[in-house]
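Could you build all of it, start to finish, from the sequences and the hints given here?
Residue numbers (the working numbering), protein chains in the order written: chain A, 128 to 491; chain B, 128 to 491; chain C, 128 to 491; chain D, 128 to 491.
None of these hints come from the bench; they were simulated from the model. Wrong hints could be hidden among the right ones.
[What the hints assert, rightly or not] Derived EDC-like pairs: lysine to aspartate or glutamate, alpha-carbon spacing no greater than 16 Å straight-line:
# : chain 1 : residue 1 : chain 2 : residue 2
1 : C       : K447      : D       : E388
2 : C       : K329      : D       : E388
3 : B       : K293      : A       : D381
4 : C       : K454      : C       : E224
[As the list claims (entries may be wrong)] Computed footprint of chain C on chain B, listed as stretches where at least three residues anywhere in the stretch have a Cβ under 8 Å from a Cβ of chain C:
# : stretch
5 : 136-142
6 : 145-155
7 : 190-198
8 : 241-247
None of the values given here were measured: they were computed from a predicted structure. The beta-carbon is built from N, C-alpha and C at its ideal position, and this holds for glycine as well.
4 protein chains.
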Amino acid sequence: MSDNLFGKLFSFSTFGESHGPAIGCLVDGVPPRLPLSAEDIQPYLDRRKPGQNRFVTQRREADEVEILSGVFEGQTTGTPIGLLIRNTDQRSKDYGEIARQFRPGHADYTYQAKYGVRDYRGGGRSSARETAMRVAAGAIADIALRHILGSSYKVIGSVVQIGPHKIDPSRFDASEIDNNPFFCADPVAAKDWEAYLDEVRKSGSSAGAILQVTASGIPAGLGQPIYGKLDTELAAAMMSINAVKGVEIGSGFDLAAIPGEIAGDEMRAADGSDTPDFLSNHAGGILGGISSGQEIVVRLAIKPTSSILTTRQSVDLDGKDVDVMTKGRHDPCVGIRGVPVAEAMMACVLLDQLMRHKAQTGLF
Amino acid sequence: MSDNLFGKLFSFSTFGESHGPAIGCLVDGVPPRLPLSAEDIQPYLDRRKPGQNRFVTQRREADEVEILSGVFEGQTTGTPIGLLIRNTDQRSKDYGEIARQFRPGHADYTYQAKYGVRDYRGGGRSSARETAMRVAAGAIADIALRHILGSSYKVIGSVVQIGPHKIDPSRFDASEIDNNPFFCADPVAAKDWEAYLDEVRKSGSSAGAILQVTASGIPAGLGQPIYGKLDTELAAAMMSINAVKGVEIGSGFDLAAIPGEIAGDEMRAADGSDTPDFLSNHAGGILGGISSGQEIVVRLAIKPTSSILTTRQSVDLDGKDVDVMTKGRHDPCVGIRGVPVAEAMMACVLLDQLMRHKAQTGLF
Amino acid sequence: MSDNLFGKLFSFSTFGESHGPAIGCLVDGVPPRLPLSAEDIQPYLDRRKPGQNRFVTQRREADEVEILSGVFEGQTTGTPIGLLIRNTDQRSKDYGEIARQFRPGHADYTYQAKYGVRDYRGGGRSSARETAMRVAAGAIADIALRHILGSSYKVIGSVVQIGPHKIDPSRFDASEIDNNPFFCADPVAAKDWEAYLDEVRKSGSSAGAILQVTASGIPAGLGQPIYGKLDTELAAAMMSINAVKGVEIGSGFDLAAIPGEIAGDEMRAADGSDTPDFLSNHAGGILGGISSGQEIVVRLAIKPTSSILTTRQSVDLDGKDVDVMTKGRHDPCVGIRGVPVAEAMMACVLLDQLMRHKAQTGLF
Amino acid sequence: MSDNLFGKLFSFSTFGESHGPAIGCLVDGVPPRLPLSAEDIQPYLDRRKPGQNRFVTQRREADEVEILSGVFEGQTTGTPIGLLIRNTDQRSKDYGEIARQFRPGHADYTYQAKYGVRDYRGGGRSSARETAMRVAAGAIADIALRHILGSSYKVIGSVVQIGPHKIDPSRFDASEIDNNPFFCADPVAAKDWEAYLDEVRKSGSSAGAILQVTASGIPAGLGQPIYGKLDTELAAAMMSINAVKGVEIGSGFDLAAIPGEIAGDEMRAADGSDTPDFLSNHAGGILGGISSGQEIVVRLAIKPTSSILTTRQSVDLDGKDVDVMTKGRHDPCVGIRGVPVAEAMMACVLLDQLMRHKAQTGLF
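Shown next as structure tokens:
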């Protein structure tokens, strides 16, 4: 049941610390005979890679993934796929001074309280560096889903709010997402965010964000009641991402204030189709924990980067008061780089649920 | 890995449909030599029981739990505890007419799409009736935690918003929660909700709600990185509850707009204590997926009751358009009865995490 | 991961003690739309039922199974099936005197050492009474496999040795198995065993046994390398049965002394078939943990009944020497009643593996 | 639930093929603050390493393990330990000719039947090469157990039979095990085996073996009824090792013919000890699936090496008859190198069970 394992049939487990020799991943349950190479995975990693512009951490990592097993002559064999990325830019000296201090908002204190020891270099295991391996696993899931479901399948992640600044949903245009450094589907908001984040960075502060991930082309029926519901596992998947503090499905928290006669999405027969048309999608594509065939909609809240250039009050290993000043290279808004990670988790959950659904219902 | 199993070391699995002969539960991993009887569990069930006032469903169930195993001479033996509640008030006729229709907002359509068959009586397995067994399992977890952690341990659930009406946090008084039919800690808001819900009920509509559950007296160190984080499992636990569409920890979605120098909770040495004082709790007691020793704070959004007395558009088993009118007895706000369920899930997650924490770190 | 859960996709968990109010079972992952009723399960239980002849325990239990969920209008719904059998003939007084003594060969001492408490009535949770629920779960698996694989599928269990007396393999005739009280496929051996066991019973002793279970009509490809191999899970399944002390596949322990050129089963092309003919079956139908399409052959060794009418040396709760004399009703050879249990475990493993195989390999 | 994961709290998962770039392992649940380095693990691997004498395969691998994570400044941190061994001596050409043939006794046919593709180089994933990673994981478990249980804890594996030649139990001397190339505790038998295996090798045949693994210093109470019994998990652990076809506990299959009054190990009070003395150990240290405090005794049967220099009948990818002649370097008796693997699996099961036992029973 390893607590470092994610998924049931399609599953992956990761290892590695921010400043150790490497990070790695074991992906299991991959369908056999799927065309796959390291070149297929690399573009997903490149989307998440640090050092690409001034709004994300300036740490430079090649992040080149190596496939160590499970692929033979260009296709998967059905056996576990081992993935490895060597850490090349570690600069331990940046972090040395905080070996004995607990940075506020970080996991320093809780790791120490739990284990009585911690790898303090760059946050060790609690660093977002681990998410590179999730993106690699998610790449495999995404490639498999495209192979199985065809071109109607698509997972799209974007940032919909940075600090207090939201996008205008009426301007949402998915084709804009890769045209700015914020994965922002609203080009006007992207401009505003640029100015806002420059300000945040200069003032030594940081900003939170809200992300949205949708999946289309997902058949009705995915999700395992009662404790393996699709939304249950999406919530777990998203909440496991570093710095995420909230998850909602469809209209989410707004549903508290929406009356019942609007909240329950109505249906009508669709011309020439077995599946009905839904007249709205407050449910975010999931009813009773099972996909309805509508677009699946998840949003997640990410707290501001905890490493900031402002002096903060804390304590050290001896329980003594200290003032902590984080140096080093950090994102003013870690939420931005969460987009490829959230997309990856979405793809992993969907493939796993698809396999579990077929296993039980596809036997006769 | 049964998809009807919740938890890893302390775990429970449930069975049963709304209108079948019984609902049941198997609770495993219970510490041995814990004093326990059916009388200890019953008060937890009574808090959730339907039929207690006009704001919750008028279905009347004795909801008397029977312990079938795992308890001998008044104490637990460490073997699985089987629990059973017979369904006594089933009135199948109320539901007969919708055997072929899919009620909007319900799981009727998705269960049919998934399994090709469904027990349409009262929602079958998708009914909130199943949550009675979670409350019973949670009662055992709560009793065990009190035994292990002592009187500083306490889980408190309440409703903090119904429809658009929020409580005033400055009036929050936990001792008020049991003084009104809404599990409301703000007596002024409780009065307003009464008027509001009477209106909702009369108009044949329904209202959503936001719940808050806190846990105090929880030691630092609970939570298993990376995919068994405490907040990950709380998110899954809460999202698995019927009609929940959002979960947040601490300041949750608000953290998107809170600047980094406020969001990261600072610490100072505490007089005469090993553990530091935190100067705020935006993190909701969890950092890096591990408890910090602060109060754990979770909120969940519950959509409005889907069964309403208003005619709704839908389709039937043949894909034909139909107008659905739900009769029967229903809560105008299902969120209210979610409080004991959310408390139960909190207790189950905490006991399970405590056991996993001790297993790894308590060996030498 | 409940330690009382067996299986991954098709799974079951059981609860209940020998002399508690009831034993029960939750079966999960059952394919939907499978015709099923309590009457379909009952014959499997009747085969295992005590009190049928003088060679098995005289405890009389109706062992009538009740289906509490997961079946609607005569077919499975895909949701968990709850099963319950009330204990009707408990006669606690028979066992009262050994509340403080540890019976040699029983689990009395180890349960006490583990939990610091035990339900001493009839062995409590360690009693073979629990296996009735496995037979019920196995009945569902067997019915599902027949539905999926058709009439070529068949699981056959029998006793091949009692005490030192083996069957003559050349006389093996499966149609004889139900013609004697020993599940013996060799009618000559059955006669000998009758005389032998009468002797054993009269002398207050007991006898061990070796059982064989075969499965035919199983497609090639079932089994999950490396830690979910088909033989791995069969070994676990059989070893989990009370009193089993050994498991072997195919030629098993004999393979130590068989030279390599005989041990490796050769193949030849089969007329008019995709799958080859194997010229022998030393491997017992499993290669590399995966079924080969040949008959699957498992044997298990069961130790003699530990409850015997001879006085034995032991200690009590205070660590003082005592002489233990077990009264009550007991089988001279518990191995005999193990046959339906071993068949049930075989069917459960096969259905679970079939579902896992299809999940990974049946997607495109 | 990854099928390539072994264990529940202390767990490991492996990846890698015989002739891929590397094999690897992720070990999770390791207790924190355990002194550990690659140098501590290496001696365990060296015991298993090929190429050491003429009775094991002449493939030469440095088998140097690299620790990639989970260890910081010489001690474990509680986070997953990533282990990697690069494959250095792959000589793919040796195997090229059998890319289209199914070697009898190997997993070639079943992998092809299951996945529709296979890495045919050296058996791919089904090669015993994977067991090197188990030995590495087992090294960590063994080191942890010594730290926790002290010097009374000891796991000892040896070969007790090769082909038809058994050791004389009266000559069993554990200190002899490392004095011969067979892990043989009987120096007289070791001499005989040398002559016998030379003969086997020259004739192009191969021999099977029986191994024994014991564990002493194990406290009473380990083992989780009903489906996580200690013997259940040992059976699974051993059966998962390549070429193993049988597992027995204590007197195992012999118990079929041992009468009840001998089979049930009697107890007497022990001077100056809380725990009783057992007067025999037919149960192999396990009663009701729970350790009794006696020595734990497991034996496993390993079939003869399937790769032999004799021509064998088989079929190819097209279902056509072929004659297969395996070239390359192979052990005349693969069983010998199974000893460090079986020891490793024993240690892993014991540590995992110890953690699960403490988790449930060590809370108050």
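Results of checking the hints against the structure:
Of the supplied pair hints, the one linking K447/C and E388/D is violated, its CA atoms being roughly 21 Å apart against a limit of 16 Å. For a cut-off of 16 Å, the pair hint linking K329/C to E388/D stands: about 14 Å separates their Cα positions. Annotation: proposed proximity of K293/B to D381/A holds, straight-line Cα distance about 13 Å (limit 16 Å). Of the supplied pair hints, the one linking K454/C and E224/C holds, its CA atoms being roughly 10 Å apart against a limit of 16 Å.
Three residues within the 8 Å Cβ limit are the bar, and the stretch 136-142 of chain B against chain C gives 5, so the coverage statement holds. For the stretch 145-155 of chain B, the assignment as covered by chain C holds, since 7 residues bring a beta-carbon within under 8 Å of that chain's beta-carbons and 3 suffice. Evaluation of the coverage hint for the stretch 190-198 of chain B: fulfilled, as 4 residues show C-beta separations to chain C shorter than 8 Å, against a requirement of three. With 6 residues bearing a CB less than 8 Å from a CB of chain C, the stretch 241-247 of chain B meets the requirement of three and the coverage assertion stands.
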